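Quick mapping for you: the protein sequence lines, in order, are chains Z and X.
The first sequence begins at 0 in numbering that gives the first Met the number 0 and counts up one residue at a time.
The second sequence begins at 0 in numbering that gives the first Met the number 0 and counts up one residue at a time.
Simulated from the structure, these hints should not be mistaken for lab results.
Take the hints with a grain of salt, since some may be wrong.
Below are the SDA-like pairs computed for lysine to any residue, each with C-alpha atoms no more than 20 Å apart in a straight line [said to hold, decoys possible]: (1) Z:K58 <-> X:A161; (2) Z:K58 <-> X:H105; (3) X:K114 <-> Z:G47; (4) Z:K58 <-> X:D246; (5) X:K114 <-> X:N99; (6) X:K114 <-> X:L69; (7) Z:K58 <-> Z:R16; (8) Z:K58 <-> Z:L48; (9) Z:K58 <-> Z:S84; (10) X:K114 <-> Z:L41; (11) Z:K58 <-> X:A216; (12) Z:K58 <-> X:G203; (13) Z:K58 <-> X:H38; (14) X:K114 <-> Z:A42; (15) Z:K58 <-> Z:G47; (16) X:K114 <-> Z:D33; (17) X:K114 <-> X:R149; (18) Z:K58 <-> Z:G83; (19) X:K114 <-> Z:P32; (20) Z:K58 <-> X:D244; (21) Z:K58 <-> X:E214; (22) Z:K58 <-> X:A254; (23) X:K114 <-> X:A161; (24) Z:K58 <-> X:I139; (25) Z:K58 <-> Z:R74; (26) Z:K58 <-> X:A208; (27) Z:K58 <-> X:H212; (28) Z:K58 <-> X:L247; (29) X:K114 <-> Z:A35.
This structure is a prediction, so every number in the text was calculated from the model and none was measured.
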Amino acid sequence: MDAVCALARLLSDPTLREQFLANRQSVAWELCPDEADAAVLLAVEAAGLRRQADLLIAKRTRAVFALIPNSLSGRHRLFVEWAGSYWPEGYRRHELDAWSFLTEVNRRGLRYCLIEYLRLHARLSPTSSLVRFGLARTGRGWRPGLAVHAGWSGRRVSCVLTLG
Amino acid sequence: MSGPVAGLQGVGLGVRSAFWPLIVDGSLPLDFVEVTAEHFFDDDLPLVQLSGLPVAVHSLGLSLGSPEPLDEAYLDRVRAVAERADAVCSSDHLAFTRANGIDLGHLNPVPLSDKMFDRIASRVDRVQQITGRVMLLENITTHLQLPGARQEPRFLTRLAYATGCGILLDLTNLYVNARNFGFDPEDYLSQMDLARVGQIHLVGYSERAGRLHDEHARPVQQELLSLLRGVLMQRPDIGVLLEWDRDLPDAAALAVELTRIREVVDGCRLRPCQTVV
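Construct all of the structure, not just a fragment, from the sequences and the given hints.
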């Protein structure tokens with residue numbers, strides 16, 4: 000593994016990062032058998048490594064919050080804890096990130112906004128049909144609702160019907 | 000090299016969806032615009048509407064410093080956007096965003112070694128071959144300083160000589176790094192061949208807990224304009240682009256910001272005449 004791959008692992012894996020900072024020599028040589036690459040890791044400043052890693056998560060948090068503000072609100076700590084274990088790929092990674100977080104929220108039995116769920120579904124799977132019950136955050140607070148999406152031949156129909 | 004590397008001169012603006020109507024109807028004082036390639040991968044917004052102005056295409060995710068091969072499919076999408084926009088140049092960063100199967104989603108520094116030089120140079124060659132346009136390489140801001148970081152201006156200059164690419168000099172990134180890591184931005188600039196600079200990026204920085212951040216959310220500070228003036232005194236023909244991604248200004252505030260930059264640009268262009276008078 001070269002220094003860039005090792006940096007990617009140290010920046011993305013909080014457990015490995017703390018192991019490295021506690022025992023630099025051992026982890027650096029384990030990650031990078033090549034002397035020049037290991038030297039790069041050994042010269043890394045602890046505070047800088049942590050700051051850069053925090054920046055990556057902060058950027059993700061901000062981008063995901065822009066997509067699902069109601070579902071993420073009050074759950075920043077949960078997102079940060081979860082984000083270290085999942086790194087979405089590609090230029091649609093923010094949408095994938097938000098979608099995966101909604102899936103995680105759902106798995107934990109927590110409330111999420113049906114409108115945000117539907118909006119992401121329509122972006123990521125425009126031709127895939129969806130019918131889902133849940134809660135939607137409206138101008139009058141959280142309300143029970145039904146989300147429906149259908150896409151065909153380049154056309155899409157999406158709506159959320161709420162009660163009350 | 001004589002003349003500007005990328006053919007961009009005057010004052011430009013990074014295209015964001017909120018700015019699109021203002022750019023298309025010509026209500027902003029602009030000489031060129033820059034589109035972010037990834038914003039146009041999936042849609043077919045009529046980039047031709049911008050054709051009254053020279054267009055630069057800026058990508059964020061080519062990850063030139065990755066050990067893995069260049070993502071040819073990604074590069075082809077950048078090429079397609081560049082062609083749709085009839086772009087005069089493309090640009091990306093001296094950085095990596097992906098490695099070892101992990102997409103970090105943001106720009107990270109690379110060790111400035113001989114091995115990295117060869118890697119970046121070969122990718123720049125490939126990007127220029129595929130897009131058919133000159134590529135500009137941008138300096139990034141980072142909280143993580145790697146060995147050899149102080150060689151960055153020379154490293155970029157060497158890459159430009161070796162590949163024929165240009166440099167996208169982000170003065171905000173430079174200033175932020177200089178303040179956070181305690182070096183002199185003027186010293187950095189003195190080590191760079193400004194003749195190879197094809198474009199300048201500028202945006203206000205933010206400050207938190209005693210450190211600067213390039214959050215693309217503030218008006219350009221006076222010290223950045225001073226740094227800009229210093230560069231343009233030597234190369235008044237470089238295009239200067241204003242970036243703004245968060246807490247977007249309204250049309251009036253945006254015009255004011257562009258005018259502040261234009262005053263510096265015009266002041267440096269007029270300087271020889273003023274000297275004669």
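Here's how the hints hold up against the structure:
1. Z:K58 <-> X:A161: violated (34 Å)
2. Z:K58 <-> X:H105: Holds: K58 of chain Z and H105 of chain X sit about 8 Å apart, inside 20 Å.
3. X:K114 <-> Z:G47: violated (23 Å)
4. Z:K58 <-> X:D246: At roughly 15 Å apart (the allowed maximum being 20 Å), D246 of chain X and K58 of chain Z satisfy the hint.
5. X:K114 <-> X:N99: holds (17 Å)
6. X:K114 <-> X:L69: holds (16 Å)
7. Z:K58 <-> Z:R16: Satisfied, since the Cα-Cα distance of roughly 19 Å is no more than 20 Å.
8. Z:K58 <-> Z:L48: Distance of about 16 Å is within 20 Å: holds.
9. Z:K58 <-> Z:S84: The given pair, whose Cα atoms are some 16 Å apart, holds under the 20 Å limit.
10. X:K114 <-> Z:L41: holds (18 Å)
11. Z:K58 <-> X:A216: Roughly 14 Å between the alpha carbons, so the hint for K58 of chain Z and A216 of chain X holds.
12. Z:K58 <-> X:G203: holds (18 Å)
13. Z:K58 <-> X:H38: Within the cut-off at roughly 17 Å; holds.
14. X:K114 <-> Z:A42: Roughly 18 Å separates the two Cα atoms, so the pair holds.
15. Z:K58 <-> Z:G47: Holds, because 16 Å separates the two Cα atoms, which is no more than 20 Å.
16. X:K114 <-> Z:D33: Roughly 13 Å between the alpha carbons, so the hint for K114 of chain X and D33 of chain Z holds.
17. X:K114 <-> X:R149: holds (17 Å)
18. Z:K58 <-> Z:G83: Distance ~13 Å between K58 of chain Z and G83 of chain Z Cα, so the pair holds.
19. X:K114 <-> Z:P32: holds (16 Å)
20. Z:K58 <-> X:D244: Cα-Cα ~12 Å, so holds.
21. Z:K58 <-> X:E214: Within the cut-off at roughly 10 Å; holds.
22. Z:K58 <-> X:A254: violated (28 Å)
23. X:K114 <-> X:A161: holds (14 Å)
24. Z:K58 <-> X:I139: holds (15 Å)
25. Z:K58 <-> Z:R74: Measuring from Cα to Cα gives roughly 16 Å; hence the hint holds.
26. Z:K58 <-> X:A208: holds (17 Å)
27. Z:K58 <-> X:H212: Since the Cα atoms of K58 of chain Z and H212 of chain X sit roughly 12 Å apart, the hinted pair holds (cutoff 20 Å).
28. Z:K58 <-> X:L247: holds (17 Å)
29. X:K114 <-> Z:A35: holds (10 Å)
In the structure shown, a violation is registered for the earlier hints numbered 1, 3, 22, in ascending order.
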